[in-house]
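**Student:** Residue numbers (our numbering), protein chains in the order written: chain L, 7 to 118; chain Z, 1183 to 1392.
Worth flagging that the hints you see were computed from the coordinates, not collected in a lab.
Quick caveat, the model's predicted, so the values are computed rather than measured.
Cβ atoms here follow ideal geometry from the backbone N, Cα and C, with glycine treated the same way.
It is possible that part of the hints are untrue.
Stated by the list, open to error - Distance ranges between label pairs, derived from CB positions: (1) R10/L <-> A1371/Z: 23 to 31 Å; (2) L1247/Z <-> E73/L: 37 to 45 Å; (3) T1309/Z <-> R91/L: 51 to 59 Å; (4) Q1308/Z <-> R97/L: 45 to 53 Å.
Unchecked claim - Within a straight-line C-alpha distance of at most 25 Å, the following computed PhoX-like cross-link-like pairs (lysine-lysine) qualify: (5) K27/L <-> K65/L; (6) K79/L <-> K1205/Z; (7) K1232/Z <-> K65/L; (8) K79/L <-> K65/L; (9) K1205/Z <-> K65/L.
So you can see what is in the structure, the chains are spelled out below.
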Amino acid sequence: MISRELIAASTRPLVLAVLSKGESYGYSIIQQVRELSGGELEWSEGMLYPVLHRLEQEKLIIGSWKESESGRKRKYYRVSASGGRAMATERRQWLAVHDTLTALWDSKPCLT
Amino acid sequence: MTHQNAVELESHLRESIADLVAKGLREREAFMIASLRLGTPDMLSREFCKVNGNYVWKGRTIWMLFGFVGGSAFASTFAGIAAIAGATTAFVGLSGTSTGLVSIAATVVCWTILFWSLWQGGQRVQTGAIDRAASFGWLASLVALSGFGHGLSIVGRTMHISKVTVEEFGKSAYWTSIGGLVINVCVVAACIAIIVLFGRSRLEQTERVA
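Bound conformation, chain Z alone (with noise of 0.2 Å):
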């Protein structure tokens, strides 16, 4: 729906409620009547989406656009993070697997952060505690951490070429194998699952409280 199709609805329905009024309703009466005649927002949402249709894909379209910079931002700056922290440990002296491992868990960390944050941030522009034009401002940090990220892990993959020799690495260079999709599949369901049972408990607690 566009501003113009807000605007127009709003003024019926302060019109609509005007006249109830004048019948001698309350003005809350008033307003769930009116409501109920304007129809329901599931309904006027997909009305209005056969007449803008253009409208609506262009929204759909910036959020996927959105989505696939912010996916890929994240993901070189995690990559980078991990080959960081894979690097620093073979430089340590540790083997070759913990060097892996410790990848991974850097992965695991840093995505369950990502989407935790993500999780908060949307709980709290639902409460109304952040206005949802002022989320906008994610596309700028957005845009910086695409760089920074690539950044991130052109130093990351350096370090590691130099860091980590190939023999200690080979067991671990697990992302193209099978095997490696067996462990990406396992960090996300990690990562769902800290989510998960962080926020039942934090859930239980705040029920508690109240």
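With the rest of the complex left out, here is chain L (with noise of 0.2 Å):
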């Protein structure tokens, strides 16, 4: 299971990431995010929606109304211009979090 802190920092990654792969909802993203990670991402539903309407004022993805399958109403998003940018900063920050972790876990210790 993964600490609250570091799921709530790593919620906007993950969301731009999945709506670059293509269009999604809500509840989808949360399913493609649960499944990729095998469980160990669990997020608290809600709080999902409040991050989706954050970017979504930043302009950084792009919401629109569509009528489900079941005809009901719901709200799709894709990620926009400047949210393809936002993903590339926040991939190469996170990736330098994890080079440096990795070195530092994988390094030999020092015996001399």
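Make one complex out of these two single chains by using the hints.
**Tutor:** Written out as structure tokens, the structure is:
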């Protein structure tokens, strides 16, 4: 199980990454993240929507209402051009953290 | 939370329930799990509040304005009624002290009736007897009341000036003094006490009925 703080910090890049694969809606985003993380990333589902709306306000993603197969209204989101740039920045930062930790954890202790 | 937010969350909840039902859960169980996953209403409103700050404050400001207009409308109406009651007492020929007491009593009765009806209205909203949206009809009646209240207080003041002589009313012109403040506090306390006592006896009655 991943800690609350880490989940909160990683929500934004995860949402951007999922949406960069194609248009999607809230419930489906949660399902995709759950499957990809093998159940490790357990979101409190209601938390996702304020994050989506914040990203929409920042014009990183674009939302539009459509009818689902069952005839219910559903809000779909897709990444905007600036959202793509934001994701590239996020990616660089997360990889930098990842690389640093990997280097530290994988390095052999110096015996001399 | 805006209407669209609610529609989005509802759609999510329904989808989540449909998935759980497809896995063999009963609808009731599915609903419980789906709402647990969605989060508590408290947490949801806190999170949405961060994003919809403007919307939340617009709602709060409207309610503050509503309270202010309502408070001043009722206050002027009740002051008018109290002044008319006091002037009538003086006209009948009772002493200056009783004129003041009658005014205070009229104020207490008016505010008590108001608080009591608000409390009753609140309970009916809670039990779902009134639709919350329908209670916005209050706004129209408030505007009407504030006009009516100002008219009434002008009538009351005119009556007071013409019927109650200054000497007679001198002792009871309490509202500018410290004593007046104490009396006003007592008025509010009396209103609350009456409501609480009456409310409790009503509650006991309903419990007995139950």
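**Student:** Does K65/L lie within 25 Å of K1205/Z when you go C-alpha to C-alpha?
**Tutor:** Violated, because 37 Å separates the two Cα atoms, which is more than 25 Å.
**Student:** Going straight from one Cα to the other, do K27/L and K65/L come out at no more than 25 Å?
**Tutor:** The hint holds at about 18 Å.
**Student:** Looking only at beta-carbon atoms, does the pair Q1308/Z, R97/L fall within the given range of 45 to 53 Å?
**Tutor:** 50 Å, holds
**Student:** Lying within 51 to 59 Å: is that true of the beta-carbon distance T1309/Z to R91/L?
**Tutor:** Because 53 Å falls inside the window, the suggested range holds.
**Student:** K79/L and K1205/Z: Cα distance at most 25 Å?
**Tutor:** 24 Å, holds
**Student:** Falls inside 37 to 45 Å, the C-beta gap from L1247/Z to E73/L?
**Tutor:** 39 Å, holds
**Student:** Mind checking the hinted window 23 to 31 Å against the Cβ distance between R10/L and A1371/Z?
**Tutor:** With a Cβ separation near 47 Å, R10/L and A1371/Z fall outside 23 to 31 Å, so the hint is violated.
**Student:** Regarding the pair K1232/Z and K65/L, is the alpha-carbon distance no greater than 25 Å?
**Tutor:** 17 Å, holds
**Student:** With a cut-off of 25 Å on the C-alpha distance, tell me whether K79/L and K65/L pass.
**Tutor:** At roughly 22 Å apart (the allowed maximum being 25 Å), K65/L and K79/L satisfy the hint.
Against the hints set out earlier in the document, violations occur for numbers 1, 9.
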